[in-house]
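Basically our numbering = 1-based index in the sequence shown + 9.
A portion of the hints provided could be inaccurate.
Said to hold, decoys possible - The calculated lysine-lysine pairs, modelled on DSS-like cross-linking and capped at a C-alpha distance of 27 Å, are:
no.: 1; residue 1: Lys568; residue 2: Lys609
no.: 2; residue 1: Lys437; residue 2: Lys423
no.: 3; residue 1: Lys437; residue 2: Lys388
no.: 4; residue 1: Lys123; residue 2: Lys139
no.: 5; residue 1: Lys302; residue 2: Lys363
no.: 6; residue 1: Lys139; residue 2: Lys152
no.: 7; residue 1: Lys231; residue 2: Lys107
no.: 8; residue 1: Lys554; residue 2: Lys609
No wet-lab data here; the hints were simulated from the structure.
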Amino acid sequence: MTSKNPREENLRKRIEQVISNKDFVLEDAYTKSLEQLLEELKIYHIELEFQNDELKRIQHELEKSRDDFQGLFHQAPIGYLVLDENLKIVSYNDFFKKMTLGKWEGTTNSDFRKFIHPSEQDNFHHFYQKLLRTGLPDQIELKLINDIESREIFVNVFAAFRTGRSNELLLAIADITTRIMTSKALEESELKLRTITDNMHDMVLMSDLGGKICFVSPSCAKFGFDQKDLMGKSLFSFVHPDDLTLVSEVFRSAVYNRQDDSVEFRTLIGSGGYRWVEVSVSTVEDAESTEEKAVFVVRDIEERKTMQKTLERNERMFRSLFNNNHAVMIVIDPDSLDIMNANEAASRFYGYSKEQLCQMKISDINTMPATDLRHETEKAVAARQVQFFFQHRLANGSICDVEVFSGLVEQEGKSLLYSIIHDISERKKAERLLRENAEELRVMNATKDKLFSVIAHDLRSPIGSMLNLAELLYEEQETMKSVDVKRITKTLFQSASNTYHLLENLLEWSRLQRGLIQPNLTVTYLKPMLESVIGQVQEAAEKKKILVNLDVDDSIEAKIDQTLLQAVLRNLLTNAIKFSFPASVIDLTAIASEDEVIIKVIDYGTGMEKEVLDNLFRIEAETGRLGTAGEKSVGLGLIICKDFLDLLQGQLSFYSEPTQGTTAIVTLKQ
Numbered sequence: 010m011t012s013k014n015p016r017e018e019n020l021r022k023r024i025e026q027v028i029s030n031k032d033f034v035l036e037d038a039y040t041k042s043l044e045q046l047l048e049e050l051k052i053y054h055i056e057l058e059f060q061n062d063e064l065k066r067i068q069h070e071l072e073k074s075r076d077d078f079q080g081l082f083h084q085a086p087i088g089y090l091v092l093d094e095n096l097k098i099v100s101y102n103d104f105f106k107k108m109t110l111g112k113w114e115g116t117t118n119s120d121f122r123k124f125i126h127p128s129e130q131d132n133f134h135h136f137y138q139k140l141l142r143t144g145l146p147d148q149i150e151l152k153l154i155n156d157i158e159s160r161e162i163f164v165n166v167f168a169a170f171r172t173g174r175s176n177e178l179l180l181a182i183a184d185i186t187t188r189i190m191t192s193k194a195l196e197e198s199e200l201k202l203r204t205i206t207d208n209m210h211d212m213v214l215m216s217d218l219g220g221k222i223c224f225v226s227p228s229c230a231k232f233g234f235d236q237k238d239l240m241g242k243s244l245f246s247f248v249h250p251d252d253l254t255l256v257s258e259v260f261r262s263a264v265y266n267r268q269d270d271s272v273e274f275r276t277l278i279g280s281g282g283y284r285w286v287e288v289s290v291s292t293v294e295d296a297e298s299t300e301e302k303a304v305f306v307v308r309d310i311e312e313r314k315t316m317q318k319t320l321e322r323n324e325r326m327f328r329s330l331f332n333n334n335h336a337v338m339i340v341i342d343p344d345s346l347d348i349m350n351a352n353e354a355a356s357r358f359y360g361y362s363k364e365q366l367c368q369m370k371i372s373d374i375n376t377m378p379a380t381d382l383r384h385e386t387e388k389a390v391a392a393r394q395v396q397f398f399f400q401h402r403l404a405n406g407s408i409c410d411v412e413v414f415s416g417l418v419e420q421e422g423k424s425l426l427y428s429i430i431h432d433i434s435e436r437k438k439a440e441r442l443l444r445e446n447a448e449e450l451r452v453m454n455a456t457k458d459k460l461f462s463v464i465a466h467d468l469r470s471p472i473g474s475m476l477n478l479a480e481l482l483y484e485e486q487e488t489m490k491s492v493d494v495k496r497i498t499k500t501l502f503q504s505a506s507n508t509y510h511l512l513e514n515l516l517e518w519s520r521l522q523r524g525l526i527q528p529n530l531t532v533t534y535l536k537p538m539l540e541s542v543i544g545q546v547q548e549a550a551e552k553k554k555i556l557v558n559l560d561v562d563d564s565i566e567a568k569i570d571q572t573l574l575q576a577v578l579r580n581l582l583t584n585a586i587k588f589s590f591p592a593s594v595i596d597l598t599a600i601a602s603e604d605e606v607i608i609k610v611i612d613y614g615t616g617m618e619k620e621v622l623d624n625l626f627r628i629e630a631e632t633g634r635l636g637t638a639g640e641k642s643v644g645l646g647l648i649i650c651k652d653f654l655d656l657l658q659g660q661l662s663f664y665s666e667p668t669q670g671t672t673a674i675v676t677l678k679q
């Protein structure tokens with residue numbers, strides 16, 4: 010019970026005595042003692058008001074202190090918790106929420122143990138039991154887990170029971186995740202470094218600044234030494250005498266200039282010989298002695314040196330083969346098509362100096378369009394094709410056929426395309442001659458076959474018929490009527506005439522094939538010559554009642570071999586008569602210009618199919634047809650006409666449609 014103010018108690022008693030006196034009269038109450046009492050009450054009232062103001066001031070300061078405490082409580086970089094006897098969270102600060110609850114809107118009455126990692130539950134249980142037994146503050150390192158973000162948090166927990174409330178546990182939780190992870194990383198780094206040092210192929214040495222070895226890794230065994238063989242020795246005692254000056258300079262520079270450096274030299278090995286090594290040197294500060302040390306990483310490069318020597322020897326050989334080879338060789342950048350290198354043979358072949366070639370692109374030499382050349386280069390790079398046939402342009406402007414063999418070569422980390430180039434112009438020329446000879450041979454074989462066919466069929470058949478008719482006339486002439494004799498002799502005459510015409514064509518063609526016919530060109534008026542040709546075929550035309558019209562100006566003349574041109578036109582008119590219908594017309598026309606003379610033989614007969622028209626001048630093709638009156642044709646006459654016109658440097662062409670007739674066109678150059 011709170012004690013009362015004595016002064017307040019005395020005033021209270023005096024007031025009670027005055028009120029309890031029933032005989033007391035109000036007028037008599039204004040005694041000196043009552044006045045004194047009232048005065049004291051006024052004074053006390055004033056004192057109470059002062060005390061009330063002081064209490065308000067104290068209350069305001071307490072509230073401010075409470076707010077400051079709440080701010081510190083929630084903003085502190087340590088998690089604060091109050092737990093009840095069941096380890097339920099009574100209160101917590103913001104740091105604990107951020108540290109463990111993540112996005113969860115934390116509430117009280119949550120079991121603190123749910124934030125403890127399962128592997129730490131037993132440790133916390135024993136820790137809490139110890140707190141209950143001793144009642145003394147204690148601390149423990151735990152691993153918490155955030156269920157929402159699934160991350161582990163390492164913390165240091167300080168625990169103590171609340172003063173006056175033994176059932177409430179106060180926890181101060183410091184996040185030591187960074188320290189723990191850093192410590193683990195350092196341990197792992199040290200373990201890795203120790204593992205690397207103990208197991209690495211390279212040897213690690215450490216010496217003082219005078220070169221005395223104070224540490225050596227177990228990998229020294231690869232050089233034939235035990236660690237005890239090297240400890241305390243001078244590292245310079247293992248350097249080949251010829252390399253000692255170089256090694257000393259590098260060591261001095263690295264030590265005094267505090268700059269990392271490296272050097273290659275020969276070092277002594279356990280067996281007594283020397284081996285090439287590459288040594289990297291740097292200076293470090295020894296954490297234990299705070300003294301500077303020199304650290305060396307020693308790598309065995311004996312095999313690399315051997316390979317390097319082999320490569321250098323091979324490179325010299327390659328350069329010799331490249332530069333002195335008689336075959337043309339160039340090296341090309343497949344991306345830019347720049348010529349990167351060329352040998353002396355290439356310079357001689359193309360007619361450019363080596364310096365000029367190395368400033369050119371392969372597209373400056375290759376006549377192939379740039380797009381196609383790029384495509385061919387891609388095929389070479391992909392090794393889809395290694396042999397190519399191109400045409401290259403030389404410095405003098407001439408074009409050569411070349412055969413190119415390409416492949417890839419590495420130079421300074423870049424793939425280049427090397428090409429070995431052979432001039433095959435003579436071979437191409439020989440191939441063309443061979444093809445021409447083969448074609449000529451094919452034509453000659455076809456000619457031979459055609460000749461045999463003509464002899465076997467077209468000559469044998471009419472001659473056989475003439476023999477039969479002659480035999481019949483010889484045996485039966487005495488008994489035959491004159492009409493029959495006349496008919497047989499007429500048939501004999503026609504057959505002999507056709508056979509003679511065929512023999513003439515064969516003889517002319519044979520002479521032409523053997524090169525015995527040479528044109529004798531003279532300027533000749535065409536009209537008289539054309540009238541002569543019409544006269545030669547007039548009889549055949551009259552038998553079919555065909556009219557041959559001549560339309561030519563008297564002044565037209567041409568430089569011709571009259572005999573050859575007559576043979577051509579006679580054949581063309583004979584064919585026109587053969588394939589014209591009886592009682593029809595054939596037009597023979599001629600026109601002249603400054604450059605040429607054109608003669609046309611136009612009939613209105615059966616015409617020709619396209620297949621026949623396309624094969625008129627092929628001796629191996631079967632183009633022979635029957636005329637409108639059953640006349641035979643072997644297809645040899647037009648071939649002779651074309652060959653004759655070739656001698657006259659003229660041309661023979663046809664325009665024809667089935668049932669619409671045919672136009673034969675002879676073009677002679679003026």
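Hint by hint, here is what the structure shows:
no. : hint            : result
1   : Lys568 / Lys609 : 17 Å, holds
2   : Lys437 / Lys423 : 35 Å, violated
3   : Lys437 / Lys388 : 24 Å, holds
4   : Lys123 / Lys139 : 20 Å, holds
5   : Lys302 / Lys363 : 55 Å, violated
6   : Lys139 / Lys152 : 19 Å, holds
7   : Lys231 / Lys107 : 55 Å, violated
8   : Lys554 / Lys609 : 21 Å, holds
Hint compliance for this structure: hints 2, 5, 7 are broken, all remaining hints hold.
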